[in-house]
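Participant: The chain contents come next:
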Amino acid sequence: MNFKKYAGIAASIVGAAMIASTASAGPDDDSLVIAWGSTGPIENVDNYFNTNRTGIWFSRMVWDQLIYREPKTFEYKPLLATSWELLDDTTWQFKLRKGVKFHNGEPFDADDVVFTMNWISNPDNGVKVQRNVNWIDRAEKVDQYTVNLHMKKPFPQAFEFLSGPLTIYPNEYYAEVGPEGMGAKPVGTGPMKVVSISTAEEYVFEKNEDYNWGSPKGEAQVSKMIVREIADVQTQIAELLAGGIDVTADITADHVDQIGQVPGYKALQAGTMRTGYIGFDAAGRGNFEPTTKLKVRQAMAHAIDRAALVKNLIRGDAGVIHTPCFPTQFGCDAEAAVKYEFNPEKAKALLAEAGYPDGFEIDFYTFRPADWAEAVMGDLAKVGIRATLTKMPYFALRDKQRNEGTTPMFLMDWGSYSMNDMSAITSHFFKKGPDDFALDDELAGWLEEGDTSSDPEVRKAAYRKAVEKITREVYWLPMFNHVRNYAYREELNFIPYQDEIPRFWQYGWASS
Amino acid sequence: MPAYTLKRTFVAFLILIVVSGLTFSLSHLSADPALTIGGEQASEEDIQAIRKLYGFDRPIYVQYFDWLGRALAGDFGESYHYKQRVFDMISERIGRTMLLGTLAILFALAVSIPLGTLAAMRPNSIIDRIALFIAVLGQALPTFWFALMMIIVFGVWWRWLPISGHTQWANYVMPTIALGYYATPALMRLTRAGMIEVLASDYIRTARAKGLSPASVLFKHALRNAIIPVVALAAVWFGFMLGGSIVIETIFNLKGIGWLSYDALLRSDLPVVQAIVLVFASFYVVLTLLADLLNAYLDPRISVR
Amino acid sequence: MTNTNATISLMFRQQQTAEDILEPSPWSKLRRRILGNHSFLIGAVILVVIVAVAILAPLLAPHDPYDQDLTKRLTNPFWHEKKIDPDHALGTDKVGRDYLSRLIYGSQISLLIGFSTMLISGVIGTVLGVTAGYFGGRVDMVVNFIINTRLAMPVFLVAMAAVVAFGASLTVVILVLGLFLWDRFAVVMRSITMQARDLDYVKAARAMGCSTPYIIVREIFPNVLSSLTVVATVEMANAILLEAALSFLGFGVQAPTPSWGLMLNEGREYMFFSPWLLALPGVCLFLLVLAINLFGDGLRDVTLERER
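Residue numbers (my numbering), protein chains in the order written: chain A, 1 to 512; chain B, 1 to 305; chain C, 1 to 308.
Pulled out of the complex, with its shape left as it was, chain A reads as follows (with noise of 0.2 Å):
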């Protein structure tokens, strides 16, 4: 009698066993299927309408920019956009591509660049990232693959946005859908269509087979692709040894060691250019006295066994840096920085001559793993300081830092957009902004002007001052950069890339 309901139960259990095929990953069909999900679910896809990681390789996916920066040298090379001339200080003309044609098969020409470009700086559309398009002017139709782009006052950084965020949508289609539209049902020339999107769940993919005229990108390598939302790094990883996914891109270094060493699984780690800092209260915003003197913060730059740290827990070809900047970035000169060495005897002597023999404790926040902060504590404890650490989301770290201000020591980094501009990440912080620590008038003037002038030895000249200033006054003790860590089949070909850009289109099946 009871035994029936066992049976029954066991018999429900072997069943939901056998119909479990997980989904059918590999070469066989010519299909992959990555996981993503340390930045989280995007809130739309619409390039314009997000400031999620996630957007970032989607919009590389699905359109495309005027310009393609080459993601190894940082050079500037043709996209949807041929050639292009500096017709006075603050108008480009660009020639455009022939014969491209969008997902929808609408064909590409000047309308599609005019549309897009005075749609999105239009403030009255309200592009969630208005830095990236506040410095348009407008866009003019010269002839049908002819644009002038005006920009309202001469801006050396265009490049960086014109190659990175501002993809070119269908002007027909868009002015149909907006955003809304957009979001759900993304039309553009890039290499992959989207067949799919169930937000916070997957992304679908099929190859783009008209994507054939020579683009930079290369075609896509498989016909079909999917991208889970799996936010937890453990479960993809269950999920990549149990083979439900091809590549995964979110683990640390000890899982490159031990993923690795599986049969049938490559893994890897690539240096990016995310620069880790530890950034200090100098200018004493949350009222904690050590931190706003100069001596403690550069018994604390002694005191942390950067080298150590990288070398143990990051790995990797990831370096220490002494830049508040990524030194590749344009005006991010590494020889102007001040560096200090690990040298835990000069840390307590300076700590004594600040007034702390004896250390003092503070607490630290950072939204990272926990042992890189705990590192950073185990080395300061040696010196006499006692930090205690607050592990917060991010969102709610930023919060406490911009409302409150009373983190008087946090470790962070910073991705730059992806952009190989120093204006990206120092420009950010330093220059009076809810997030400066420092608030230092003459620091904001350098960057203002080297953000400004449309002259670079003017700009690289006013970024050198700012960083000596800031690794001299230790507002910043610069860490190291990031490093991704992949672990995918060993059949797949696989390409990581320094500007943490993942380009998914471009991976293949080494049998296909």
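Because the hints were derived from the structure by calculation, they are not lab data.
One should not assume that every hint holds.
Mimicking PhoX-like on lysine-lysine, the simulated pairs with C-alpha atoms at most 25 Å apart in a straight line are [to be verified]: (1) A:K346 to A:K311; (2) A:K77 to A:K460; (3) C:K83 to A:K266; (4) C:K83 to A:K311; (5) A:K382 to C:K72.
Got chain A sorted already, so can you dock chains B and C onto it with the hints?
Facilitator: Leaving out everything else, chains B and C in the frame of chain A:
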């Protein structure tokens, strides 16, 4: 009875108001919503504008009553992060959580009623001991730990069951067991205690004396009476379980409203958190209400006498 | 069943009634019951061992649980062949801290959380329950409403929200759990106080004109003490598990505190390749909760004769 029903319904409603008020004030302590809405690149002026636009500059109780008024009409506002209607976000995912909760409670009942009955039929026998052992074990095993162990064994080593998602039935097997196991001890103990009580009652003795077959006594008379409080308790546990699904849904990447609440907390997406607290609380309140009414109608002791 | 709703009292059904407790039990009979009760004995022994480990942690632990060494991270425990370090019997964690020492100190954190939470919730719940039970009527109605409101709140979700609001720390976790887990105390204390109120000698005390506080403290309280202890064990176990779950999701105690829940969170990163990092704190947690539950179960059986 109508008076009792009316009174309990009113109290249930009042409870929801208080719960939502507490949550509202708590979540508004936690983060500045204007900053969350603005995203990471919003300027100070943007933030000020958002604050005005959404009315965050008003006193908190004004904001609360405003929210409550709209919530009563089914409008939970818009998610700060996804810019979607919270109502839609929840209705899209609530089915998965309900399915998981229902399967889990059925699993718990399917384990605990037979075991509890067997244990009650022979107190202190080996079966009783085993049942007690399972109960004690279940209470001491952290749910999430149990879930992870299942993933290692059934997901990765043997590859029997899919690890994450919600698209196939098989996706629900491990989450169901992990969540259901948690409720098993309480339900089993209640079945056992209830059965012992009923089996010792005059009513059953009479039935036995009349020469009814043991099976008939057990199923037709004893179990039917003993099971009512178990079902009532299961209803309440169902309410608890929806809350317990947060950890399970996160581990198995099963995107129901438990997962949604975790995700929303990470992003300080307050309208979503508030709405989900209210949904969980409503479930609990409604289920308790139903269980109470059921109990009031069918008190087993009344039918035993 | 007066005012309380029937289903809630079902949840707390296995508690004894006042008559059960008040029946005086000769010492020898009690002792026989204690010795004859395996679960009580096993639970008590494990619990004593864990408490002893917690108290003697500075003597027992081979290393400072916070002492890190990045060059010796993730060494394996002694039963492995490769990458072991004789200095660290159970290996090291991801920043090179001795795992055994952290497990030993972890007992302090879990016991501290369990015990403090139990004290806070015990005080709140007992005050509410005894007040409701003794006075009845409107007071009872109000307290019942509070209990119901508390039960309707999804504890885990609200606790997570509270941790986000006030920042994660040991103190916040203890306070949040303490402020949430008093419901069982309140329900049980209320029903027992109600029964005790009607007992003859309590009535007699009232007839003699004793003041209400006097009656509660001197006559009723001693009688409910043993059920209080039973509830306390349940809540303590509950608090420890909840803390572990909160820490596991990152909404609990902060690194580098050696909390078993947090160690589970950290060890999870290595679950497929170094499973002991997950298994060991899990087993510690399991043993502690098991011991507390067995102790509580046993205590109930000892103070009240079980169904024959």
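Participant: Is the straight-line distance between the alpha-carbon of A:K77 and that of A:K460 25 Å or less?
Facilitator: holds, 23 Å
Participant: Please verify whether A:K346 and A:K311 have alpha carbons no more than 25 Å apart.
Facilitator: holds, 23 Å
Participant: Would you mind confirming whether the straight-line C-alpha gap from C:K83 to A:K266 stays at or under 25 Å?
Facilitator: holds, 23 Å
Participant: Would you mind confirming whether the straight-line C-alpha gap from A:K382 to C:K72 stays at or under 25 Å?
Facilitator: holds, 17 Å
Participant: Holds or violated: C:K83 and A:K311, Cα atoms, limit 25 Å.
Facilitator: holds, 18 Å
The structure is consistent with each of the numbered hints, conforming to all of them.
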